[in-house]
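A.B. asks: Listed below, chain by chain, are the residues.
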Amino acid sequence: GAVVSQHPSWVICKSGTSVKIECRSLDFQATTMFWYRQFPKQSLMLMATSNEGSKATYEQGVEKDKFLINHASLTLSTLTVTSAHPEDSSFYICSARDQSGGETQYFGPGTRLLVL
Amino acid sequence: AQSVTQPDIHITVSEGASLELRCNYSYGATPYLFWYVQSPGQGLQLLLKYFSGDTLVQGIKGFEAEFKRSQSSFNLRKPSVHWSDAAEYFCAVARMDSSYKLIFGSGTRLLVRP
Numbered sequence: 001g002a003v004v005s006q007h008p009s010w011v012i013c014k015s016g017t018s019v020k021i022e023c024r025s026l027d028f029q030a031t032t033m034f035w036y037r038q039f040p041k042q043s044l045m046l047m048a049t050s051n052e053g054s055k056a057t058y059e060q061g062v063e064k065d066k067f068l069i070n071h072a073s074l075t076l077s078t079l080t081v082t083s084a085h086p087e088d089s090s091f092y093i094c095s096a097r098d099q100s101g102g103e104t105q106y107f108g109p110g111t112r113l114l115v116l
Numbered sequence: 001a002q003s004v005t006q007p008d009i010h011i012t013v014s015e016g017a018s019l020e021l022r023c024n025y026s027y028g029a030t031p032y033l034f035w036y037v038q039s040p041g042q043g044l045q046l047l048l049k050y051f052s053g054d055t056l057v058q059g060i061k062g063f064e065a066e067f068k069r070s071q072s073s074f075n076l077r078k079p080s081v082h083w084s085d086a087a088e089y090f091c092a093v094a095r096m097d098s099s100y101k102l103i104f105g106s107g108t109r110l111l112v113r114p
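As you go down the protein sequences, you meet chains X and V in turn. Counting from 1, one number per residue, gives the positions in the first sequence under my numbering. Counting from 1, one number per residue, gives the positions in the second sequence under my numbering.
Since the hints were derived computationally from the structure, they do not count as laboratory data. Ideal placement from N, C-alpha and C gives every residue a C-beta, glycine not left out. Please note that the accuracy of each hint is not assured.
Computed cross-link-like contacts, DSBU-like style, restricted to lysine-lysine with a CA-CA straight-line distance of at most 30 Å [unchecked claim]:
1) V:61 / V:101
2) X:55 / X:66
3) X:20 / X:64
4) X:66 / X:14
5) X:14 / X:64
6) X:41 / X:20
7) X:64 / V:101
8) V:101 / X:41
9) V:101 / X:55
10) X:66 / V:101
11) X:14 / X:55
12) X:41 / X:64
13) X:41 / X:14
14) X:41 / V:68
15) X:66 / X:41
16) X:20 / V:101
17) V:101 / V:68
18) V:61 / X:41
19) X:20 / X:55
20) X:20 / X:66
Distance windows between CB atoms, simulated [to be verified]:
21) X:17 / V:69: 47 to 57 Å
22) V:16 / X:85: 41 to 51 Å
23) X:83 / V:72: 36 to 46 Å
Take a look, some chain X residues computed to stay more than 12 Å from chain V by CB distance [said to hold, decoys possible]:
24) 12
25) 16
26) 29
27) 53
28) 68
29) 73
Kindly generate the complete structure, drawing on both the sequences and the hints.
C.D. replies: Right, here's the structure in full:
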């Protein structure tokens, strides 16, 4: 089956630093990847759509300068949380759309970010 | 606008009992529908999906779901629940534009009594 990995699985950082999270599709190519944020006991909130070779498109209310997204290849998208603050602490999940699988998104295991 | 409603925030069933999780959607055409499961601290795992064809869809782990257009529903069922099924379940519908975005329901937390 389609497998998506995320790295790191958890990260603790100091306020003001930047954190990069990687999302990889391991056994398929993904022209489109998505980044979500999930607060405790809540559903997933779509942050942005990452398109290979072009700029990401952000959902309303998501700061593009704070959450930098790069999708340099068909198997890798990165999310960088710049100048992180405690309110950025959350669970970040990526998904990848399988080109050959139609509209199915496969999700990574998530990255838990704690900003001190 | 498309939306997905999961009316049950949490459900508790006894191990071995049957399960039905409700999902209603709002969409003008035939939607692409999904059920995902999330264990604590984990990502989402695809249980099953419906695009077209047979309205009764079989998924992994013994789950099935039935698409009922007249009721705008896509309920998830399992005949006999195992303790390992305790998790959060999300129903989702795919936007039928070029964005391929998923719209999620609020989720239903399943608790399993021994």
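A.B. asks: Would you mind marking each hint as holding or not holding in the structure?
C.D. replies: Checked hints:
no.	hint	verdict
1	V:61 / V:101	holds (26 Å)
2	X:55 / X:66	holds (15 Å)
3	X:20 / X:64	holds (14 Å)
4	X:66 / X:14	holds (16 Å)
5	X:14 / X:64	holds (21 Å)
6	X:41 / X:20	holds (24 Å)
7	X:64 / V:101	holds (18 Å)
8	V:101 / X:41	holds (21 Å)
9	V:101 / X:55	holds (16 Å)
10	X:66 / V:101	holds (22 Å)
11	X:14 / X:55	holds (28 Å)
12	X:41 / X:64	holds (25 Å)
13	X:41 / X:14	holds (25 Å)
14	X:41 / V:68	holds (28 Å)
15	X:66 / X:41	holds (24 Å)
16	X:20 / V:101	holds (23 Å)
17	V:101 / V:68	holds (22 Å)
18	V:61 / X:41	holds (24 Å)
19	X:20 / X:55	holds (17 Å)
20	X:20 / X:66	holds (12 Å)
21	X:17 / V:69: 47 to 57 Å	holds (51 Å)
22	V:16 / X:85: 41 to 51 Å	holds (47 Å)
23	X:83 / V:72: 36 to 46 Å	holds (44 Å)
24	12	holds (15 Å)
25	16	holds (26 Å)
26	29	holds (15 Å)
27	53	holds (16 Å)
28	68	holds (20 Å)
29	73	holds (19 Å)
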